[in-house]
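Trainee: Chains as they are written, first to last, in numbering that gives the first Met the number 0: chain G, 0 to 288; chain B, 0 to 288.
FYI, nobody ran anything at the bench for these hints, they're computed from the structure. Keep in mind that a hint or two might mislead.
Note that the list lumps identical chains together, so a pair holds whenever it fits in one copy or between two copies.
As the list claims (entries may be wrong) - Dumping the calculated DSSO-like pairs for lysine-lysine here, alpha-carbon to alpha-carbon at most 30 Å: (1) Lys-260 - Lys-202; (2) Lys-243 - Lys-103; (3) Lys-199 - Lys-260.
2 protein chains.
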Amino acid sequence: MAQQFWTDDVSALLRVREGFDLREIDPDARPGTEARKHEGERELVRATPELRVLQEKLFAQSRLGDQRRLLVVLQAMDAAGKGGIVNHVFAQTEPYGLALTAFKAPTEEERSHDFLWRVEPRVPGPGIIGVFDRSHYEDVLVQKVRGYAPPEEIERRYGAIVDFERRITAEGVRVVKIMLHISPEEQAERLLSRLDDPEKYWKYNPGDVDERLLWPAYMEAFQTAIDRTDSPEAPWYVVPANAKWYARVAVQRIVIDELAKLSPHWPEPDFDVAAERQRVVDSQDLRWP
Amino acid sequence: MAQQFWTDDVSALLRVREGFDLREIDPDARPGTEARKHEGERELVRATPELRVLQEKLFAQSRLGDQRRLLVVLQAMDAAGKGGIVNHVFAQTEPYGLALTAFKAPTEEERSHDFLWRVEPRVPGPGIIGVFDRSHYEDVLVQKVRGYAPPEEIERRYGAIVDFERRITAEGVRVVKIMLHISPEEQAERLLSRLDDPEKYWKYNPGDVDERLLWPAYMEAFQTAIDRTDSPEAPWYVVPANAKWYARVAVQRIVIDELAKLSPHWPEPDFDVAAERQRVVDSQDLRWP
């Protein structure tokens, strides 16, 4: 049972609150559980069917017109484990009900439009869990830290993001934003491990070190972005992520809790079940070949 | 070992050959193996890492400019098990390297364009395995059987499909087309099972019985579509699918064999590994908070 693993309401513990200060979050912490790694891995597997059923209900009810859906935004420094979250949490759900978008540095065409232009078409449709690996928040993180956009434009974007998220919320999208929080020491270890293994070289990008050197500026940009865009309708969660197993099981629980709030349910049939049974039974002897 | 499960080259056995006659394919057959269900389920799990590594290499090499990718087209009568194939074969791979598209009845906008208009943007990008659950083949199957398009337009489409697949092949897309072949009796059982379970009602569509009644016409349309569009560059496979476990493990093997032909490999790094290690090591003490 979940109660055995979680000793407290992890969603509430990781939810950003009034007066939130990123500096107080310990990337090594494991709020809500006293369990160890192997128990965490077991809990992840145990709760997967719980997540799948909620997702399948969400997907099923959309077929009869329900507009609700979930958008999970993942933001983090490089090597913080976004890919692992996608693989171990989201990829365990029904692929038809999942829409994953990995946002890269904007193309020339994308740069010629407003920063939300490329995001709009990736908002999940009814019944779908959308996952953004990076997102419109890059436009107030790297763009701010690197000075790719002037301060007044960054300022404008906070408001534009709030407006955008409010609008899609009204359309039926539950927006959930998650920062995976690692320490610079942990990042160094993970980058070095990519450089230790020829099968992982392709995951390494020299530019990651350039960003790494700007760590304090990034943390300040995260703090500001969270302060300016957190709301009850589109909440931020900050998940300590030095322990990969903890981050995965915590994100899984947050997603389950968020989905459960949508109370998805198996839709009633919009046809006569008995009559349809008879139609199938009657349609035998189709004589082929 | 794969040899223990497969006693013959299943890809070669299921590959459509000169003089192919759909009427001679037994949906209950299990070419290439004498194993039973539990062994098939074990083989599926055993071979999954083999598939994942091939896919990850394909994805990795695309990062350095390689254009190759795979497009798997799944076509079948309703309830033939496309969804199970997606869940048990493709969803076991890396989600970043997978692009699933489920084509529905065309929207009004889609109908106002050529039938390939909606397909073009769904062709997978370099390094990606694209899966089409239904496809442009619906435009020579349901559209033909139902008479939604006149015969001369259907005739034109066979050629247009061949041209389209030849063009994307030249761009680096390996096109593989798979028909899951069930019997009408097996379909009836599966439709009835959906009507037995309130949690599956949403998967049932009364229209499926309308199509079912046209079984012989559909089989003829499949035969013609395969005859007209099979080629060494864009081959058809017909997979007996009355046994779900067989269809899954056979499709998995076909996909592995097709990926292996692309010989994907871990790319060489385009940076100096030792110098990058030093950069990471030197970037300590980032003093935050």
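Trainee: If you test the structure against every hint from before, which numbers come out violated?
Mentor: none
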